[in-house]
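Engineer: Single-letter residue listing:
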Amino acid sequence: MSDLIGARGESRFLVLITEPHDGERPLFRAQRLGEKWPATDFLVELLVSDGVTGFFFVQVKTTRQGFTERDRRLKVTVAQHTVARLASIPAPTYVVGIDDIDGTGYIVSANGERLTNVASVPGHFPLNRQNRERLWREVREYWSSRLPGAFTSVFTDPAWG
Amino acid sequence: MGSPQPWYVGVRAEAHAVLRLTSRGGLEVARLPGKAGVDLLLTLSTDGELSGRHLGVVVKPRASEADVPRLTPRSVRRERAQFASTTFPVCMVSYSPAGELGYFRWIIEPSVENGEPVLGYAQRTHFEPITDALLDGVFAQVDAWYDARRADGEHPVLGLR
Numbered sequence: 217m218s219d220l221i222g223a224r225g226e227s228r229f230l231v232l233i234t235e236p237h238d239g240e241r242p243l244f245r246a247q248r249l250g251e252k253w254p255a256t257d258f259l260v261e262l263l264v265s266d267g268v269t270g271f272f273f274v275q276v277k278t279t280r281q282g283f284t285e286r287d288r289r290l291k292v293t294v295a296q297h298t299v300a301r302l303a304s305i306p307a308p309t310y311v312v313g314i315d316d317i318d319g320t321g322y323i324v325s326a327n328g329e330r331l332t333n334v335a336s337v338p339g340h341f342p343l344n345r346q347n348r349e350r351l352w353r354e355v356r357e358y359w360s361s362r363l364p365g366a367f368t369s370v371f372t373d374p375a376w377g
Numbered sequence: 014m015g016s017p018q019p020w021y022v023g024v025r026a027e028a029h030a031v032l033r034l035t036s037r038g039g040l041e042v043a044r045l046p047g048k049a050g051v052d053l054l055l056t057l058s059t060d061g062e063l064s065g066r067h068l069g070v071v072v073k074p075r076a077s078e079a080d081v082p083r084l085t086p087r088s089v090r091r092e093r094a095q096f097a098s099t100t101f102p103v104c105m106v107s108y109s110p111a112g113e114l115g116y117f118r119w120i121i122e123p124s125v126e127n128g129e130p131v132l133g134y135a136q137r138t139h140f141e142p143i144t145d146a147l148l149d150g151v152f153a154q155v156d157a158w159y160d161a162r163r164a165d166g167e168h169p170v171l172g173l174r
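Here the protein sequences line up with chains A and B, keeping their order.
Sequence positions in the first sequence follow this note's numbering and run 217 to 377.
Sequence positions in the second sequence follow this note's numbering and run 14 to 174.
Incorrect hints may appear among the rest.
[Unchecked claim] Derived DSS-like pairs: lysine-lysine, alpha-carbon spacing no greater than 30 Å straight-line:
id	chain 1	residue 1	chain 2	residue 2
1	B	Lys48	A	Lys252
2	B	Lys48	B	Lys73
3	B	Lys73	A	Lys252
4	A	Lys291	A	Lys252
[Unchecked claim] Here are some, though not all, of the chain B residues that point toward chain A, as calculated from beta-carbon distances under 10 Å:
id	residue
5	Pro17
6	Gln18
7	Arg25
8	Glu27
9	Ala28
10	His29
11	Ala30
12	Leu32
13	Thr35
14	Leu40
15	Pro110
16	Ala146
Bear in mind the hints are in silico, worked out from the structure with no lab data behind them.
Note that the Cβ used here is the ideal one computed from N, Cα and C, for glycine as well.
My request is simple: use the sequences and hints to build the entire structure.
Structural biologist: Have a look at this one:
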């Protein structure tokens, strides 16, 4: 992936994740972590009217190669060591695949034990209004529990297990 | 939605600027820290090789898509003092959180006069709408200035007008 495509993907992610919800305020605020931060690109905070109520991490992968024909998966690659690092983070963590051709993004949970690299992201969970709201709710639920433990996401990909 | 918060306006304006300015390809983009004076540094590239031909970009966020950006003569004078030591082309673009229509103006405009590379401070306070044709012209102008500069090897450092 070239630096340009990566930079465009990060900008597209920022646009998608900070879209105003139902014409009102955004649900999220995202902060770049910088190149020296291992594995993750963004820390994303959940916004509420009076502040912040939780956070999660995101690794953004961008492609101009589109989707697989058979099962419509976005062709992005996440290396094995990155997958392992993401899975080990004790907080909600996601991979967002960006299709740089049409400007769409697709989210999938990166929590859980995985041993191999990832070669694609499913197209099941576009980063749209509905899934932004589901994302906000599941991360808030995680941080609302008194003793947050193992994280379980609705944005799971059986092919990653 | 009431008045959007400055972080929201700024983050989305910069993201839209990156996406639009890099839509034609043939360049790389770097975000610069706040004290750098410019927000983005575009570097033209040929066949993936960086050319060293830089264009600085200042992003001027605007709160609403309906706003038309405009500077005051005073702010243009202040800008001139701020960029007094800058030796490469610099422009300003303006985007709102919606990111539909961007605006452009030069801060330090490159040109070629009688075969000589010239950098001139922009005097105008108004912006032009960003179109594909405008961007093609901007990058051609930047390329022509660097071409003339290379041909003019006896004048490696150029004074600003």
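Engineer: Give a verdict on every hint.
Structural biologist: Hints and how they fare:
As the CA atoms of lysine 48(B) and lysine 252(A) are separated by approximately 20 Å, the hinted pair is consistent with the 30 Å bound. Our distance criterion of 30 Å between C-alpha atoms is met by lysine 48(B) and lysine 73(B), whose separation comes to about 15 Å. With a CA separation close to 28 Å, the supplied pair lysine 73(B) and lysine 252(A) stays within the 30 Å bound. Proposed proximity of lysine 291(A) and lysine 252(A) is supported: the alpha carbons are some 25 Å apart, at most 30 Å.
At its closest, the beta carbon of proline 17(B) sits 8 Å from a beta carbon of chain A; the interface hint therefore holds under the 10 Å criterion. Look at glutamine 18(B): its Cβ gets to within about 8 Å of chain A, closer than 10 Å, so that hint holds up. Among the interface hints, the one on arginine 25(B) holds; its C-beta lies about 6 Å from the nearest C-beta in chain A, closer than the 10 Å criterion. Restraint check, glutamate 27(B) versus chain A: the minimum CB separation of about 8 Å is within 10 Å; hint holds.
Hint status for alanine 28(B) relative to chain A: holds, with the closest Cβ pair at about 4 Å, below 10 Å. With 10 Å as the threshold, the beta carbon of histidine 29(B) comes within range of chain A, its nearest partner Cβ sitting at about 7 Å, so the hint holds. Checking alanine 30(B) against chain A by beta carbon gives a least distance of about 8 Å; that is within 10 Å, so the hint holds. This hint holds: leucine 32(B) has a C-beta 5 Å from the nearest C-beta of chain A, less than the 10 Å allowed.
Taken as an interface hint, threonine 35(B) checks out: its beta carbon lies about 6 Å from the nearest beta carbon of chain A, inside 10 Å. Of the supplied interface hints, the one on leucine 40(B) holds, with its beta-carbon coming within about 7 Å of a beta-carbon of chain A, less than 10 Å. The closest approach between the C-beta of proline 110(B) and any C-beta of chain A is roughly 8 Å, which is under the 10 Å cut-off, so the hint is satisfied. A least Cβ separation of about 21 Å between alanine 146(B) and chain A goes past the 10 Å threshold, and the interface hint is therefore violated.
Checked against the numbered hints above, the structure violates only hint 16.
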